[in-house]
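Undergrad: Make a model of the complete structure from these sequences and hints.
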Amino acid sequence: GTADGQTEVIASYGITAETMGVEIRSSMETVIVDTTSHGIPVHFDKHAYEADHVLICGRVKPHTRFVGDIESGLHKMMLIGLGKHEGAKIYHRAIEDISFEEIINAVAKSILQKCSVVAGLAIVENSYDQTALIEAVPPDQFYEREKALLNIARDWLPRLPFPQTDLLIVDRIGKNISGSGMDACVIGRKFNDHAATERDHVSVKRIMIRGLTQETHGNACGIGLAEFTNERTVASVDWKITRINANTGSHPTAAMVPLAYPTDREAI
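Residue numbering for the sequence shown follows the working numbering, beginning at 1 and increasing consecutively.
Some hints could be false.
[Unchecked claim] Here are the simulated lysine to aspartate or glutamate pairs, EDC-like style, with alpha carbons at most 20 Å apart:
1) Lys205 / Glu266
2) Lys147 / Glu23
3) Lys89 / Glu102
4) Lys205 / Asp238
5) Lys46 / Glu18
6) Lys240 / Glu8
7) Lys205 / Glu227
8) Lys114 / Asp140
9) Lys205 / Asp193
10) Lys89 / Asp34
11) Lys89 / Glu29
12) Lys114 / Asp34
13) Lys205 / Asp171
14) Lys109 / Glu125
15) Lys109 / Glu144
16) Lys147 / Glu198
17) Lys147 / Asp166
18) Lys205 / Glu144
19) Lys147 / Glu101
20) Lys46 / Asp69
21) Lys114 / Glu50
22) Lys114 / Glu135
23) Lys109 / Glu86
24) Lys114 / Glu29
25) Lys147 / Glu135
26) Lys114 / Glu102
Calculated from the structure, these hints are not laboratory results.
Note that the coordinates shown come from a computational prediction; the quantities given were computed from them, not determined experimentally.
TA: Quick look at the structure:
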């Protein structure tokens, strides 16, 4: 939600000016490079727009809320990442009235035509959160290659070792784990915040969260997918950042507070 916050997130991945040997520029300022046929302004990071070339880097994986040939990956990075706070807010609101795939295709087409995107670096992880595949993709192959890589990512997605459970205890949630704090595709909450559907691979009746990751810096977006937590988790939340993130993603219920108990034992 903020330039400093984004710098902190990539630093948690080991990406700093010192380790990369280059200056890192972070800003929320964007340039409107186009308007889609739906009347949606296309925002693009000002620093990136002024650069000679832009290399899009992103993990290709199933989205925690939307379904399509393209979900999370290079396209989402062009829209939500390079669109910054303003672009992300506009696109997520538009998705409520227009399909996710329509928005993805329209905005990505504008960016590839108007901005200096030279290539993409697509990353696919295995079930253990390890990098398993890296592929360089030319801009004219973004759609087809990301579609194919998404199918691989779906096959490699981790699964809970049982089809249904009464209570799932999650030690930590955080933005470094998933955009939804805990991967909704794994816990069976992709299509409904508090109930599994026939399209989910697992049915979890109740979820209890024990804490946040250090790398999430207080951003507890996704805590609202759980029914229970403890008071120390609630006390560790940066509610300003969490609210910004939830509203930007048009998912305010993701920041709602579960029933909080003094101890884990009482919550369980």
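Undergrad: Hint by hint, which ones does this structure get wrong, listed from lowest number up?
TA: Hint check: 2, 4, 5, 14, 16, 17, 18, 20 and 22 fail, others pass.
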